[in-house]
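Sequence lines, in order, name chains A and B. Count the first sequence with this note's numbering and you get residues 1 to 453, in order. Count the second sequence with this note's numbering and you get residues 454 to 759, in order.
Hints may contain errors.
[What the hints assert, rightly or not] According to the in silico footprint, chain B covers these stretches of chain A (three or more CB under 8 Å from chain B):
id : stretch
1  : 228-240
2  : 332-341
[Said to hold, decoys possible] Quick list of simulated restraints, FRET-style, between CB atoms:
id : chain 1 : residue 1 : chain 2 : residue 2 : range
3  : A       : 155       : B       : 571       : 45 to 55 Å
4  : B       : 651       : A       : 9         : 54 to 64 Å
5  : B       : 692       : A       : 444       : 41 to 51 Å
6  : B       : 519       : A       : 9         : 54 to 64 Å
7  : B       : 530       : A       : 429       : 35 to 45 Å
8  : B       : 651       : A       : 198       : 35 to 45 Å
9  : B       : 529       : A       : 198       : 29 to 39 Å
Source of the hints: derived by calculation from the structure; they are not laboratory data. All values reported here derive from a predicted model rather than from experimental measurement. Don't be surprised by glycine CBs; every beta carbon is placed ideally from N, CA and C.
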Amino acid sequence: MDLSCAIRGVRYRFDSVKELLGRANPPKSGDDLAGVSARSAVERVAARAVLAGLTLAELRQHPVIPYEADELTRAVEDDLDEEAFRAVAHLTVGQFREWLLETTTTGPLLRAVGPGLTPEMAAAVCKLMSNLDLMTVGAKCEVVVRANSTLGLPGRLSSRVQPNHPTDDVEGILASMREGLAYGCGDAVIGVNPATDTPASTAAILTAIDEVLRRHQVPTQHCVLSHVTVQLKALELGCPMDLMFQSLGGSEAANRAFGVSVGLLDEAWATMKERGTSRGPNVMYFETGQGSALSSAAHHGADQLTLEARCYGLARRYRPFLVNTVVGFIGPEYLEDGAQITRAGLEDHFMGKLLGLPMGCDACFTYHAAMSQDELESLKVLLGAAGCAYLMSLPVGDDIMLNYQSTSYHDIPSVRRLLGKRPTPEFDAWCEARGITRGGEPGPRFGDAAVVA
Amino acid sequence: MSVTRDLVAALRARLGASDPAPPRVALPTVPAPPARVYAPRREPLRAGAAARHTTALLGIGHVGTRYATDVVLQFQAELAVAHEAVAAELPDGWAEEHGFLPLASRVASHREFLLRPDLGRRLAPASLQRLRDQAARDPDVQLVLADGLSATACMTSGPALYEALAAACAGRGLRVGTPVCARFARVWLEDEIGQEVGARVAIILLGERPGLGTGDGLSAYLVHRPQVGKTDGDRNMMSNLHARGTPPAEAALRLAALAAAMIEQGTSGVGLDLDRVDAPVERGYRAPQVRQRLVACGGAPAGGPR
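Okay, chain A solo, but in the shape it has when bound (with noise of 0.2 Å):
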């Protein structure tokens, strides 16, 4: 394989399709870190001409960590759908951009060709695409799924009410999940992040939130984003559980510094789809974010953006019903600033949706990295018109728990009525019933958190 290339008589040679894909990607302080990045603008703009010539079914024969040397790298390409493979195997990355920006690949040929890609096709493309290109795609891709409402239809913009505490104090988290709700909020699922990863606390919270949402009759689906061991010894105890989480890396080391395997993985997902408390099919819910590999060392020398599209090839195993990238809560040695962060939102909500994922993101930033509350507001905006299938939302966007920033509940509805969409279609009628919206507008009882007392 020739990976060489020529910009105005200097020729550019690289070793391998893990180094091209590291070259070729837009700038990241984690890749610097790691290394992998282009060393001039113009190399990177070399890696990129090369990569664009490498065809799909090339791509699959390389992936970035060798199939006999990880489990994630193994469960992708078992259970890639080999038709749909053959219907892209033949393009070039380069041809693969141009025809899925094409206006005659609709959502449903997309949705048809996803499962044959692999992770790393998603990822060479998306170092060809600009933010533009790469909502104008992300917009046209259909993923919907249901758990007990039914998110990612066209036209909806749902939210995670995420009301976390720093000691687990349940009256608190109740009552910034009231405040959530009465805002419009918390369509896509009740998240909380508990400060004591212990099977009995994930149980009495989600007792008291499933005890809430029932007497409320509220359409939405709850969770404790605790370890899944913890989650599954949660489950004997008893409780009720819609959702369940688990936080995952881009290779089997990754994930073993998280806790996890595809075996265990698995076992979660045969215990929910028996005990869990929601309707489904769909029922889990993934949390990933480009720079945790390298972060435990379990990167391989590959770069950030193309290990995070294998864990959107690792998630789409369970058919989730919800994954979100935590795009700028890992701090500025892999996202350094506002470019770097909206950038990396966009890209991951891309390659999800091109992988057939519900994706959402926590568009946010630590008190370290340099982005401002206004590009932050803006990329909620971009990632509402690319179609992302839901955004995060907290008191004024502060989580007083990990202590970083994102969507607030005022935002949500900020976006909705800017770009004229809605929350899923069950938790809509809800809201109209309440009087939290009127025809999509505020109601006479939006803000009001007594109408969940």
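Could you slot chain B onto chain A? The hints should help.
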């Protein structure tokens, strides 16, 4: 006449005027909106009750779907506090003035500190020499105070926690090493420092990632037989060491107990049996600290509860 011109002419005729804007409406009476937030007497009852359980900003109302001006200013003030804590640097001489041997990592600038965790984990050559020349050898516990992601926390909360922890260790009969304070330090810097002095346990106290309106929190990481190459699985940690989380006196007792257990069990991290640590793990209910009103113009007092 072209087809396009005909179309444009017909469109203008339909609009009825050359000005495409709709006619102006009559000027309304614009009443001043009511004060919405950070005025406790005006808070809805529910939000008042919730405030006993959470510091989340609840019951703040809305203008359309957005925040009242008062909320925006409070938010911006809290954001500025967090950003200042991150941007703060330990001044030259601060360590010596507070009785610490000054050390520095291999990081040269604040931006490099944020982007290169690898450099923040190793000592600069001059600091390594200073440590070898001046620090006591073979202590049971080597304590390291450091800036981490909030030099503000290091300077405001650091000395008190350091003193309490040194006393708690001494109270257990543990020999504490020379006090050192490191600049541009990441957690793993404790490995090289502890290894150089031959400590049995190293504990680094460093500023943690600030939250909105805060920058005073410290985290502590402990490792048995510190040496370069130890990983996170080899460490035990406590976070949120501040007034809203675990206060210094309580944290010091727990940390000293952990250090003693590491020496007794000969391990740390995932290998440490936490059931054999003789200090209380659970703590009782603590009401959340009231969020402070940060902005006060004219007569209204600042610093009061919202």
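Taking the hints in turn, this is what the structure says about them:
1. Here's how the stretch 228-240 of chain A fares: 0 of its residues keep a CB closer than 8 Å to some CB of chain B, so the rule of at least three is not met and the hint is violated.
2. Coverage of the stretch 332-341 of chain A by chain B holds. Counting CB-CB distances below 8 Å, 3 residues qualify, and the rule asks for three or more.
3. In this structure the hint that residue 155(A) and residue 571(B) lie 45 to 55 Å apart at CB holds, the actual value being about 47 Å.
4. Checked against the hint of 54 to 64 Å, the pair residue 651(B) and residue 9(A) passes, with Cβ atoms roughly 58 Å apart.
5. Checking the proposed 41 to 51 Å range against residue 692(B) and residue 444(A) shows it holds: the Cβ atoms sit about 43 Å from each other.
6. Residue 519(B) and residue 9(A) have their C-beta atoms about 55 Å apart, which keeps the hinted 54 to 64 Å range intact.
7. Between residue 530(B) and residue 429(A) the C-beta distance comes to about 40 Å, which sits within the given range of 35 to 45 Å.
8. Checked against the given bound of 35 to 45 Å, the beta carbons of residue 651(B) and residue 198(A), roughly 38 Å apart, stay inside it.
9. Here the CB-CB span from residue 529(B) to residue 198(A) is close to 37 Å, well matched to the stated 29 to 39 Å.
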